[in-house]
Amino acid sequence: MKSPKERIIETTFQLFARQGYNSTGINQIISEAEVARASFYQHFKSKEDLCVEFLNVRHEYWFGELNTFLANEKDSTSKIIKAFDFLVDMNKKENFRGCSFLNILSEIPMDNIKILSVIQSHKADLRKYFFELLHDDILSDHIYMLFESSIIESQLFKSNELIEKSKRIATILIQ
Numbered sequence: 003m004k005s006p007k008e009r010i011i012e013t014t015f016q017l018f019a020r021q022g023y024n025s026t027g028i029n030q031i032i033s034e035a036e037v038a039r040a041s042f043y044q045h046f047k048s049k050e051d052l053c054v055e056f057l058n059v060r061h062e063y064w065f066g067e068l069n070t071f072l073a074n075e076k077d078s079t080s081k082i083i084k085a086f087d088f089l090v091d092m093n094k095k096e097n098f099r100g101c102s103f104l105n106i107l108s109e110i111p112m113d114n115i116k117i118l119s120v121i122q123s124h125k126a127d128l129r130k131y132f133f134e135l136l137h138d139d140i141l142s143d144h145i146y147m148l149f150e151s152s153i154i155e156s157q158l159f160k161s162n163e164l165i166e167k168s169k170r171i172a173t174i175l176i177q
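Per this note's numbering: the sequence shown = residues 3 to 177.
Careful: at least some of the hints might be erroneous.
Distance condition first, Cα-Cα at most 30 Å in a straight line; then the derived DSSO-like pairs of lysine-lysine [what the hints assert, rightly or not]:
(1) LYS49 <-> LYS94
(2) LYS84 <-> LYS95
(3) LYS49 <-> LYS7
(4) LYS84 <-> LYS4
(5) LYS47 <-> LYS7
(6) LYS7 <-> LYS95
(7) LYS130 <-> LYS95
(8) LYS125 <-> LYS49
(9) LYS7 <-> LYS116
(10) LYS49 <-> LYS76
(11) LYS116 <-> LYS49
(12) LYS95 <-> LYS125
(13) LYS76 <-> LYS125
(14) LYS167 <-> LYS76
(15) LYS125 <-> LYS167
(16) LYS47 <-> LYS94
(17) LYS130 <-> LYS84
(18) LYS116 <-> LYS4
(19) LYS116 <-> LYS130
Restraint ranges, calculated between C-beta atoms of paired labels, are given here [said to hold, decoys possible]:
(20) ASN69 <-> SER119: 22 to 28 Å
(21) ASP139 <-> ASP91: 25 to 31 Å
(22) LYS76 <-> LYS49: 42 to 48 Å
It should be emphasised that the hints constitute simulated quantities derived from the structure, not laboratory data. We put the beta carbon where it would ideally sit given N, CA and C, even for glycine.
Sequences are here, hints too, so could you generate the full structure?
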C-alpha cells in the first residue's frame with residue numbers, strides 16, 4: 003500500500019495532467035488521495051510546496067525513464083537519435099500529456115521563483131544531458147531545441163509526426 007505522501011503525489015500528477023495546476027485545489031487533492039488534511043499539511047506547507055515536490059519527483063522519474071530507455075545504446079549518436087523514440091514512447095504511455103514542467107510554467111506567474119527555478123533546473127539538466135553526449139554547445143543546444151519543440155508540438159497536435167521529423171533532422175546534424 004502506498005504511503006499518504008505517495009498517494010498525494012500520484013493524485014497531484016493525475017489532477018495536474020487532467021485539469022492543470024491552477025484549477026486543482028488542495029481540498030480536491032486531499033479528497034482524491036484519500037488522506038487526512040493533517041497528513042497533507044504534515045508533508046506540504048502549501049500547494050506551491052506540493053508543486054515543487056511533484057516537479058522534483060517528476061524530474062527523477064523522467065530522467066530515470068530516459069536512461070532506462072537508452073540503456074542498451076552504445077554511443078552518443080545512437081542515444082541522441084533514440085531519445086526521440088523515447089518521446090514517442092512517453093506519448094504512448096501518457097497520451098500526449100506533454101511536458102509537466104512546461105504545462106505548469108504556462109500557469110504560474112513569472113515571479114514565482116520557487117516553482118520557476120525547479121522548472122529551469124530540469125531544462126538545464128536536459129541541455130546538459132545533450133551537451134555531455136555531444137561536447138559541442140551549439141550542436142547540443144540545437145538538438146535540445148528540436149527535442150523540446152517536438153514535445154510541445156506532439157502535445158498540441160496529438161501526433162508523433164514532428165518528433166519523427168526532428169529525429170531525422172537530428173540524425174543529419176550529428177552525423
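Tell me, which hint numbers fail for this structure? 4, 10, 16
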